[in-house]
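In order, the protein sequence lines correspond to chains A and B. Numbering (my numbering) for the first sequence: 1 to 195. Numbering (my numbering) for the second sequence: 1 to 582.
Don't read these hints as lab results, they were simulated from the structure. Beta carbons are placed, not taken as given, at the ideal position from N, Cα and C, and that holds for glycine. Just so you know, not all the hints are guaranteed correct.
Said to hold, decoys possible - Simulated crosslink set (DSSO-like; lysine-lysine; CA at most 30 Å straight-line):
1. A:K167 with B:K327
2. B:K193 with B:K17
3. B:K340 with A:K68
4. B:K340 with A:K169
5. A:K162 with B:K327
6. A:K60 with B:K17
What the hints assert, rightly or not - Computed footprint of chain A on chain B; a stretch qualifies when at least three of its residues, placed anywhere within it, have a C-beta under 8 Å from a C-beta of chain A:
7. 147-153
8. 221-235
9. 316-323
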Amino acid sequence: MKQEYTITVYTENQIGLVNRIAIIFSRRKINIESLNTSLTESENVHRFTIVVIETEDVVKKLCKQIEKQVEVLKAYYNTNDEIVWQEMGLFKVPADIIAAKVPVERLLREYGAKAVVIRNDYIVFETTGHREEIEKLIKALEPFGLIEFVRSARIAIIKNSKGFHDKLKEFEKSEPAEELIENEFLNQQEEVFSM
Amino acid sequence: MQTLELTEEKLTPKSTKNISGSVAVLEALIAENVKTIFGYPGGAIMPIYDALYDYNDKLEHILVRHEQGSTHAAQGFARTSGKVGVVFATSGPGATNLVTGLADAMIDSTPLVCITGQVFAHLLGTDAFQETDVINITTPVTKWNYQVTDATEIPHVLAKAFYIAKTGRPGPVLIDITKNAQLQKFDYNGYIKCNHIRSYRPKPIVRKEYIQQAAQLINAAKKPFVIFGQGVILGKAEKEFTQFIEKGGIPAAWTIMGMSAIPTTHPLSVGMLGMHGNYAPNVLTNECDVLIAIGMRFDDRVTGRLDKYAKQAQIIHLDIDPAEINKNVKTTVPVWGDCKETLPILTQLIEKKNHNAWLQQFRELEKKETEKVIYNELNPKDGTITMGEVIKTINELTNGDAIIVTDVGQHQMVACRYAKMNYSKSNVTSGGLGTMGFGLPAAIGAKYGDPKRTVIAIIGDGGIQMTIQELGTIMQFNINVKILILNNQFLGMVRQWQQLFHEKRYSFVNITSPNFVQVAKGYGIAGNSINKREDLHNALQTMLQHNGSYLLEIMVGKENNVFPMVPQGKGVAEIVLTKEEI
Chain A
1 MKQEYTITVY
11 TENQIGLVNR
21 IAIIFSRRKI
31 NIESLNTSLT
41 ESENVHRFTI
51 VVIETEDVVK
61 KLCKQIEKQV
71 EVLKAYYNTN
81 DEIVWQEMGL
91 FKVPADIIAA
101 KVPVERLLRE
111 YGAKAVVIRN
121 DYIVFETTGH
131 REEIEKLIKA
141 LEPFGLIEFV
151 RSARIAIIKN
161 SKGFHDKLKE
171 FEKSEPAEEL
181 IENEFLNQQE
191 EVFSM
Chain B
1 MQTLELTEEK
11 LTPKSTKNIS
21 GSVAVLEALI
31 AENVKTIFGY
41 PGGAIMPIYD
51 ALYDYNDKLE
61 HILVRHEQGS
71 THAAQGFART
81 SGKVGVVFAT
91 SGPGATNLVT
101 GLADAMIDST
111 PLVCITGQVF
121 AHLLGTDAFQ
131 ETDVINITTP
141 VTKWNYQVTD
151 ATEIPHVLAK
161 AFYIAKTGRP
171 GPVLIDITKN
181 AQLQKFDYNG
191 YIKCNHIRSY
201 RPKPIVRKEY
211 IQQAAQLINA
221 AKKPFVIFGQ
231 GVILGKAEKE
241 FTQFIEKGGI
251 PAAWTIMGMS
261 AIPTTHPLSV
271 GMLGMHGNYA
281 PNVLTNECDV
291 LIAIGMRFDD
301 RVTGRLDKYA
311 KQAQIIHLDI
321 DPAEINKNVK
331 TTVPVWGDCK
341 ETLPILTQLI
351 EKKNHNAWLQ
361 QFRELEKKET
371 EKVIYNELNP
381 KDGTITMGEV
391 IKTINELTNG
401 DAIIVTDVGQ
411 HQMVACRYAK
421 MNYSKSNVTS
431 GGLGTMGFGL
441 PAAIGAKYGD
451 PKRTVIAIIG
461 DGGIQMTIQE
471 LGTIMQFNIN
481 VKILILNNQF
491 LGMVRQWQQL
501 FHEKRYSFVN
511 ITSPNFVQVA
521 KGYGIAGNSI
531 NKREDLHNAL
541 QTMLQHNGSY
551 LLEIMVGKEN
561 NVFPMVPQGK
571 GVAEIVLTKE
581 EI
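Next comes chain A alone, as it looks inside the complex (with noise of 0.2 Å):
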């Protein structure tokens, strides 16, 4: 059966990684509902967040295939009910009508959204939550005139996890990973000739 399956791969920080996984996932034709990368506990470890409607034995393969890129230390695909999770939504509303309509900012109280930022002209208010309730709130806001909305990837914590500190010493026998190296020379292009 397909659900919501959440998956977290802790890595090294390398160019082109994203790449490698994301192609994991198109290879198959599965669409990769929300991804997040971000730093971890572990120093110079980074962790992607990666949420797929896939039954279980494709989320199962998924993440040895994952596992297999050589600067993937591990992955763990979880359910729902074995994370908590959150993702945040941005809604820019016009000012006026906030002002004027007093269900607006019921609205808003109800759903945790507080203020950004408040201009004359509009206000951005944020919420984190599930996805659906971000969702509902989207179309309660769209009869007020919602002009900008933007929902940010899914973050999650595994209920049932130690961390990674103590699995990273298995990985580690003696050296930390190599620092990563960007181009240089992007903006140096017209002191250099080539040919």
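Here the structure of chain A is known, so what remains is to put chain B in place on it, guided by the hints.
Same frame as chain A, but now just chain B:
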């Protein structure tokens, strides 16, 4: 440019010397014991080629005629030598021409390190001349790839490249080096081989409890059956494997990539698996009680329909790649690990047995296959020459000592069905990707990989025309390969399918060929073409005894089919021996 002698003293981290990135690349190759490079120069890799000019005595560079040929040659080299194949190519079209070879090496787990030149780092993303996003193009077809924009990265990146290519489940690695990094001088601290990357665990930890469970299953089995793939060869575990099957008295069948891991005449060898494999191992896959898969990945060409594959059997799967376990076939007992380590433990735990009655079942079915297919294929009384009798004659002349390189198609299936092989690494073929055009360049590499052995490239009239320009490489470097074209004047495998499954609607399978002997002559390669049975033995003998490369074209039956066959969408036990059964 001056060369740099690497001595123990200079390898100490203290020593520094101002060298260019290009020299650092070549020093890395020497430190990795590389002697042969297959490549093709171009604008963005010129600094490396310039440095190579001074390394003539230490590194041999084989100039191919097309970059695709360099990857296949490097694959051939890797397969017969067991070492890493090395490729040089330039940016843009040079690099994109590597893609087919990389994909082939990826699916067949062949260790390669490909070094491509790239435009200057400051030009990346500007659509510069011969700029292609090689890293992203090759990501799905490489085990690892990396772009170097600064020369100081070169020593440790190449060390990583070699380590990743050859450890664990081997595979191709591509390193893209921008031109500025090739030219840049830097303080060289020597080359330190890589033996650990924290996020990469090439060898899973061997879990004894699973091996014990596997041994229990094997010891209780009445009809155990071993199926083995290239993992045995890649793991250099031929001896350990032989000891295992001999102690257990277990019949063993190979996948196309596993062929030659044990001599084809071994008393426990029961033939080839798969769509055009032998009758007995396919049928009895669905009768064994314990199926022991070693270093193989249950490709669809081996399993046929999965819901009709070995459903009655308990399955033990030994593999170094955890992603292969349970990927296609559900495993009862998984044994992760390098089979060179796991097999001896398993051998120790199993009881010494023989399964003569069970083995006899294989031999009985073999008789049926011989009667209906093999005998006529190998001993036709009249009509045109068959591919099978060509292979049989080669077996008689070489006694199974030659390396057989094949291309893709009917001739490949026939060669792998009938060739006799005494030694490991005798079979070089494009198994997973099925790359037509693989054969000729791969044979070049195969010869460099194991120069003492005879290399016979068996190629169809279609495949040869895909990479025929590599005859130029053979000419220039005097490479002693025997080129055997089995010409049926068709793209035979597709024609066979059109005949069997598309009402004989022969859609664009009729291929015209040039006069191959004349073409070879143009390249200074001796040759001959025959179409009569009475000439077969002598023509092959002449080819094998010829001092140097030789091209022999043999005209074979136009519409001969390869049988047996597991028709697509059918189970392995539904293998048919003749076309009437389809």
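inquiry  = Output the indices of the hints that this structure fails to meet, ascending.
reply    = Result: hints 6, 8 break, sorted rising.
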